Amino acid sequence: MSALFEYLVRLGDDSLILGHRLSEWCGHGPILEEDIAMTNIALDHVGQTTSLLKYAGEVEGKGRTEDDLAFLRFEREYRNVLLVEQANEDFGVTMMRQFLFDAYRKPLYEQLTKSSDVQLAAIAEKSLKETKYHLKHSAEWVIRLGDGTDESHERVQTALNNLWRYTDELFYTDQNDVELLANGVIFSSEELKKSWMEMVKTVLDRATLTIPNNGWQREGGRKGLHSEHLGYILAELQYMQRAYPGMEW
Amino acid sequence: MGARSGKCICGEAKNEKSILIKKDFSKMANNEWPLWEVFIRSKQGLSHKHVGSLRAPDAEMAVENARDVYTRRSEGISIWVVESNNIHASHPSEADSLFEPAHSKVYRHPTFYDVPDGISHM
Amino acid sequence: MLEANINELERRFQEKIDNDQKIEPNDWMPDNYRQTLIRQISQHAHSEIVGMLPEGNWITRAPNLRRKAVLLAKVQDEAGHGLYLYSATETLGADREETIDDLHSGKAKYSSIFNYPTLSWADMGVIGWLVDGAAIMNQVPLCRCSYGPYARAMVRVCKEESFHQRQGYEIMMTLAKGTPEQKAMAQDALNRFWWPSLMMFGPNDAESTHTAQSMAWKIKRSTNDELRQQMVDITVPQAELIGLTIPDPDLKWNEEKQGYDYGEIDWDEFWSVVKGNGPCNKERVDARRKAKENGEWVREAANAYAAKQKMKKAS
Numbered sequence: 001m002s003a004l005f006e007y008l009v010r011l012g013d014d015s016l017i018l019g020h021r022l023s024e025w026c027g028h029g030p031i032l033e034e035d036i037a038m039t040n041i042a043l044d045h046v047g048q049t050t051s052l053l054k055y056a057g058e059v060e061g062k063g064r065t066e067d068d069l070a071f072l073r074f075e076r077e078y079r080n081v082l083l084v085e086q087a088n089e090d091f092g093v094t095m096m097r098q099f100l101f102d103a104y105r106k107p108l109y110e111q112l113t114k115s116s117d118v119q120l121a122a123i124a125e126k127s128l129k130e131t132k133y134h135l136k137h138s139a140e141w142v143i144r145l146g147d148g149t150d151e152s153h154e155r156v157q158t159a160l161n162n163l164w165r166y167t168d169e170l171f172y173t174d175q176n177d178v179e180l181l182a183n184g185v186i187f188s189s190e191e192l193k194k195s196w197m198e199m200v201k202t203v204l205d206r207a208t209l210t211i212p213n214n215g216w217q218r219e220g221g222r223k224g225l226h227s228e229h230l231g232y233i234l235a236e237l238q239y240m241q242r243a244y245p246g247m248e249w
Numbered sequence: 001m002g003a004r005s006g007k008c009i010c011g012e013a014k015n016e017k018s019i020l021i022k023k024d025f026s027k028m029a030n031n032e033w034p035l036w037e038v039f040i041r042s043k044q045g046l047s048h049k050h051v052g053s054l055r056a057p058d059a060e061m062a063v064e065n066a067r068d069v070y071t072r073r074s075e076g077i078s079i080w081v082v083e084s085n086n087i088h089a090s091h092p093s094e095a096d097s098l099f100e101p102a103h104s105k106v107y108r109h110p111t112f113y114d115v116p117d118g119i120s121h122m
Numbered sequence: 001m002l003e004a005n006i007n008e009l010e011r012r013f014q015e016k017i018d019n020d021q022k023i024e025p026n027d028w029m030p031d032n033y034r035q036t037l038i039r040q041i042s043q044h045a046h047s048e049i050v051g052m053l054p055e056g057n058w059i060t061r062a063p064n065l066r067r068k069a070v071l072l073a074k075v076q077d078e079a080g081h082g083l084y085l086y087s088a089t090e091t092l093g094a095d096r097e098e099t100i101d102d103l104h105s106g107k108a109k110y111s112s113i114f115n116y117p118t119l120s121w122a123d124m125g126v127i128g129w130l131v132d133g134a135a136i137m138n139q140v141p142l143c144r145c146s147y148g149p150y151a152r153a154m155v156r157v158c159k160e161e162s163f164h165q166r167q168g169y170e171i172m173m174t175l176a177k178g179t180p181e182q183k184a185m186a187q188d189a190l191n192r193f194w195w196p197s198l199m200m201f202g203p204n205d206a207e208s209t210h211t212a213q214s215m216a217w218k219i220k221r222s223t224n225d226e227l228r229q230q231m232v233d234i235t236v237p238q239a240e241l242i243g244l245t246i247p248d249p250d251l252k253w254n255e256e257k258q259g260y261d262y263g264e265i266d267w268d269e270f271w272s273v274v275k276g277n278g279p280c281n282k283e284r285v286d287a288r289r290k291a292k293e294n295g296e297w298v299r300e301a302a303n304a305y306a307a308k309q310k311m312k313k314a315s
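Residue numbers (our numbering), protein chains in the order written: chain A, 1 to 249; chain B, 1 to 122; chain C, 1 to 315.
You may find that some hints are simply not true.
Said to hold, decoys possible - From the structure, some residues in chain C lie toward chain A, with a derived Cβ separation under 10 Å:
hint: 1; residue: Glu10
hint: 2; residue: Glu55
hint: 3; residue: Gln76
hint: 4; residue: Gly295
hint: 5; residue: Trp297
hint: 6; residue: Glu300
hint: 7; residue: Asn303
hint: 8; residue: Lys308
Hint data in this document are derived by calculation from the structure and do not stem from the laboratory. This one's a predicted model, so the numbers in the text were calculated from it and none came from an experiment. Don't be surprised by glycine CBs; every beta carbon is placed ideally from N, CA and C.
Extracted from the complex, chain A is given alone in its bound form:
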């Protein structure tokens, strides 16, 4: 299997699963304005999923469409990071998850606009604009919740403590990346982590939040080893395609 295919699926699945989580909020947001903002971000992710998985299907060359990839793989074949499949819980957890992810996605897309793979660069270019806004929005919220009331501070600090263990995986690299790195398709994840950490520190500082000092980290998503959440997400996501196989919708 080509390294590029694997890489595109990793990116595409991040968007697919995060978009799914965000769309669970639709109709239940803390205020109407925020309901609209969250669905906007969810919509951007559905769009990014479509571009990334469509291209993945083309790279693979077996005739699989973006829908085949999104809806018809088995659990162990999904490649998203564990962070994005974590449950919404409350608005604080959702925004913290979003911020930690956006702070990684933005510099990643910035790197990828310079990719030697023209189509990946084009997808990154378009997605970067959306992601900049996502990051602005989630950072604003983390700051407001962190430096809001005692209750909100405690809630997002707890969210940060619980989600921190999934952040190292954002910079996961393995054998798959070697060839892509060598060919200038993707770039160093160390650089990426540096920009991420800078952004995270700046925002958490303004939010009066503290990075937990527990160094324990979890990973597995990139290799298809997920938390128990993913199975339920897929049960919903795939319901129609599994119950009515092979039909047009």
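Using the hints, position chains B and C against chain A.
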């Protein structure tokens, strides 16, 4: 558009029943966010136009919310938000004295003047 | 204020309406006009917001990425429309939070159609086709309503809603052309939603308490029965075209009136759902109340932050 009703001193039209301030202002210390008026300039537009209102805790969020609420179909390239409290409007009861005097100043319009046939660029 | 003065104000107000001039927030208006508008616009706003729930129910289960994006965009539009409409009620002095509390306490009504459950993917089609179809029919005349902010909100809503009905019909068409299971799914959805859709136009004209005054004030521009007839006449050929059957044995073309005769609506069911005894009334209001309660700490935090920032600036 206009200032929110209930805030104006409705001059001659002051019909107490019709001014709907049944609000207990001590209760306003609840968590409802302030109201903002939103103005959008479209790509071809020469000026910002009032499009509606929304609620937001502060100006920064008001701009973001305005973007999400009022420009979902590429309606604009620039956004202004103003807290509704800060808008002061002319009152309809004064419309006569404010606007009618202009009706008689026809000489402000180019069509008031005769220009001989054959003259262009004027 | 003197009785005579009020009469004069009312006369001038009605004259303005008769001349198709718009009434604006600061203009004098009779108390009843204001109250009727607040009731009508807020009911409309609540319907948009509650209406997000039955469709939101299927976003995570949409059958492909295109349908998922469309459905998300549509439900998001409904949030936007609710917001435009709450804005319009606020110009009448009705605070949004209080308006919403009336929904949660059961004091305010919303369109009963949203108290029916969405049981299959085809319901997304039938809701777009019939429910949005009926809503558009109701709303287009309101773009000419006498109250300026409401009319302007409706212009925006109607413009945005034009895709809603089309995407619904497209779903139905795809299902009707599909496998036997898909066609059955589409027909079942039509069977369940047909009558509730016709109920959306409200009671018969003879029973409708508000129509005459609202027509004179131009905050309602067609009667319930006129709109209902229009809906039936437009929809029947659309159903025929894709091979679905309207679940009404009495449906018959009437050459004389150049429209369809249709069967009697089950008004007992209508009133029962209006009174709160529909299949999902409780679930819908509970969901909205919960969203508000769960958001309380968030709204509070944002306010607290804004207050701190103001203090910092001032010092």
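Handout entry: Unmet hints by their number, sorted upward, for this structure
Key = 1
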